[in-house]
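Asker: Protein chains in written order, with the numbering used here: chain A, 20 to 589; chain B, 20 to 589.
No lab work stands behind these hints: they were computed from the structure.
The list cannot tell twin chains apart, which means a pair is met if one copy fits it or any two copies do.
Result set (DSS-like, lysine-lysine): computed pairs, CA atoms no more than 27 Å apart in a straight line:
| # | residue 1 | residue 2 |
| --- | --- | --- |
| 1 | 83 | 351 |
| 2 | 253 | 219 |
| 3 | 238 | 260 |
| 4 | 52 | 22 |
| 5 | 22 | 374 |
| 6 | 72 | 167 |
| 7 | 351 | 22 |
| 8 | 342 | 22 |
| 9 | 260 | 219 |
A quick note: this is a predicted structure, and the numbers were derived from the prediction, not measured.
2 protein chains.
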Amino acid sequence: MDKTVGVLGGGQLGRMLAEAANRLNITLIILDKASAPAKQITAHNAHITGSFKDGPSIHELTKKSDVLTIEIEHVDADILREIEESGTPVHPSWSTIKTIQDKYEQKLHLRERGVAVADALPLSSDSEEELGSVGRQLGYPFMLKSRKDAYDGRGNFPVRSAEDIPAAIEALGKRGANSLYAEKWASFTMELAVMVVQTKDGTLAFPAVETVHENSICKLVYAPARGVSTSTFKAAEGLAKRAVSSFKGKGVYGVEMFLLPNGELLINEIAPRPHNSGHYTIEACPLSQYDAHLRAILDLPIPEDSLRIREPAIMLNILGGPKPDSHINIAKYALNNPRTSIHLYGKGDGSPGRKMGHLTVTAHSMSECETLIAPLIHEVDILSSQIPQSTKFTPTKPSPLVAVIMGSDSDFPTLKPCLDILTTFSIPFTVAITSAHRTPEYMSTFTSTAAQNGIRVIIAAAGGAAHLPGMAAAHTSLPVIGIPIRGSTLDGMDSLLSIVQMPRGVPVATVAINNSLNAGLLAARVLGVTDVRVRERVERYALESREEVRGKGEKLGDLGWEDYLKGMGK
Amino acid sequence: MDKTVGVLGGGQLGRMLAEAANRLNITLIILDKASAPAKQITAHNAHITGSFKDGPSIHELTKKSDVLTIEIEHVDADILREIEESGTPVHPSWSTIKTIQDKYEQKLHLRERGVAVADALPLSSDSEEELGSVGRQLGYPFMLKSRKDAYDGRGNFPVRSAEDIPAAIEALGKRGANSLYAEKWASFTMELAVMVVQTKDGTLAFPAVETVHENSICKLVYAPARGVSTSTFKAAEGLAKRAVSSFKGKGVYGVEMFLLPNGELLINEIAPRPHNSGHYTIEACPLSQYDAHLRAILDLPIPEDSLRIREPAIMLNILGGPKPDSHINIAKYALNNPRTSIHLYGKGDGSPGRKMGHLTVTAHSMSECETLIAPLIHEVDILSSQIPQSTKFTPTKPSPLVAVIMGSDSDFPTLKPCLDILTTFSIPFTVAITSAHRTPEYMSTFTSTAAQNGIRVIIAAAGGAAHLPGMAAAHTSLPVIGIPIRGSTLDGMDSLLSIVQMPRGVPVATVAINNSLNAGLLAARVLGVTDVRVRERVERYALESREEVRGKGEKLGDLGWEDYLKGMGK
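Just chain A, with the same shape it has in the complex (with noise of 0.2 Å):
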């Protein structure tokens, strides 16, 4: 790995892409402050002191370098132009870095490759009237947005009625004519990004995730995004490489987008680098969006699979606070919290929103990692709200993995046992009323989108002409263990063999009539496949089980047959 690779910017994403080319023992070159955080980990004394704005400093780092990259996009393109046409690889192109520094140059350009983004108009001066105008044809409320330098929140302003236009021109007005754009507001119901990574072959992308922002910050991301469905996961794929595909240079490149309420997918932003969204890749998947960045600016290989989720995974930010320590208090806490990884970027005093590091928490099941990262999230929260730490802290219900359905709800005294033996394994389960032939969208919708929600497992009671369970099966592919009611004729018979004599193609893992305990243990032994905490107490149940088989053993050896019988009654 022989080459040296020149990076303008020394931030966290240089310290993390540092962290990646140590590990493959590739020499970076930073062109940053002295202090940098990127250069902290780097030692030798080839880094050029300095901005990455500044020309003769580039040129420098020109000289050392073999290729030169980027881990912020605020950097002079037309001194990069340069670099590129005398040779020197730069990732991304200086082209590319030009069109995404100006929004709504980007914007323009994806929409005249036919790739979806939300309505934006131009604004050539920042005058009431023109800024009136543009609300009347986008509608209100709309984004105003500077055109350059905006990031984490800064240069944006939501103006949510007319009335607001005088404190957007105050906030944002004064950067000159033709500085600022209109957005047109998009009610999503999700943010979505996606790291694509541009290589030589082509693009390659990691899973879709789900990003919270706050006052216009990245504050949370969850990998892979809940509840959404496997068709939008390639869509918001699809959608990220056609739009980076159309950009000249490889490397890593963020893509941000709003997931509208018919599913549609709208691009929000693109970031011509490694991307705070991506952070969650270093603990959850084989390969980082970092050593992807490097081995695609090197031209290494990336194998597809390398780029998966091994579990998922919550990302939190670590802000500065209203203290200079308040960001290593919050990382300090976080030492407590089981499955929790901790980055802090080496920046010293900490200002408020100011990003000093992160946390990952990866866990078995998205469910966990929520419970897990709750009280993380609770004290950021006290810090950015400033409330008092004595403040009551409840944690969130974890989200269920196995959902309950019965026909009726005279199935549901059956259902007991099943429902005792799911809290006793401390399995999280939500249990719904849901009739094949009384209801049947409503089943069909709830089966249907289980998987998505988090579902792993599906139990369904049904009796006489039991439909439940089999149905439920044709519309999911998620296992479902089927449990035979007995009603008033014929024993139960009806339903056991409604449910167990599935045609091929669709199985239902039958259990005995009315035997909803037997259900719950099978779910625990599914649910157990791979998560030994789970298998630990059904392995613990057919202990105890033995025991109390065998205690009523020694029970009849000490008191003969016959008390032993008298004792039951009998």
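Assemble the complex: chain A is given as a structure, and chain B must be docked to it using the hints.
Answerer: Below, chain B alone, put in the same frame as chain A:
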């Protein structure tokens, strides 16, 4: 995280410790030669150039540090004693290092505290007489070992018979009186290792892993150990914790042990520091052994759950080969390999047998890891054996995830659709004939060890008084799928009821009579709960079935019902 840690030694262990320290912004000061691997990724001027055995350098390091630790135990323990006694904490304690440095003392120490170790005898000389007498006492073969400064195979000589004695003296003699000892040969079935973390509050353990050595150098680590029962895991972790808690000083200890054919465990060696067999933790666990070491010596919290394995992993060492860049070629080859993380240590040119880096493959199952790592092991073997690259490589067969069992081979034809669908879905499986009635012991052994052999789902087919699925379920905590086989009487109802009507506590997931296809599909749904690739195959299958039925519907529309029926020959 405001403490400064002084580290004696800056090799690969120090470097990986530095990776962990960087993320928490903890300053490490390294005492080692100027170009030491750990110094390359910790950029500051406080490092000390010198030997980690040199008194004045160690004292200089102490002045700059709040805590001292080591990444190699071949240091001057007496100097550390002075330092510890004059108030600077040293982890582990000088006394621990002193005892562990001398492998014979280490064994005595453990044996005196009731910890199981292999029998060993000290040697006062390297005379043929004394070795002959030892051979008669311990029996052949035995291991002749250097008491000090032995690592990575250096300082060990296997004495297979009395005839080997002169060669053994040639290899290890001339080290002076009392420098050697002899160890009884352990005919182990497997070597295990457990990383134990000693904290201010007690000991914690990472899961037991399997280590494979070649020429006495660690080659491979399987995490967790393969084919080992829950009770052996617990015993290994317990033994390792007991051994470590007999030593003074915080931090990570690497405990290597032998698993004997009778299930007994013997401690082989303890390293008082992070260890090669713990590298896998970087990718496989939420906290790595390096994170844990730092936290332990700084009294920072370590949540026990953070030491669990996220997903199975295999670690492969990259040793120096015949050429200075042989190891780089292995790393380059590994860039192509999916799900493979590469660590190069920045040691420059390689020399044969020197540890230059390592690889870690992580995947959803150990079976998948084995398949993924196979070509890399092959490359490493080519390198170490000098076989020309053109040698044909046959990948190993992945170990099975599903066991399909039947009571009698008369059930075999009925199982064909099940085996076909598992093959189509690329799910590795094994088939066995075992009858609950005719081979009750084999059935019990097979099913009760299935989980530890990597099996995740058992499919059992049986007819008549069909006991096999229920008995299998009684012997395992894995999900068991039962297929009722139709016999010559009762149309399969006998089998169905024998399988489905299991008592409370022991569920069998029953499918329709003779419907082995559905059993295979159900196994796929169970594996698909957490393996997205399997789930995708299940979804694709459902889609294809849908298309097939739709196709028939269209044909019916085209032909009309009469011609359609005619086409069916009815």
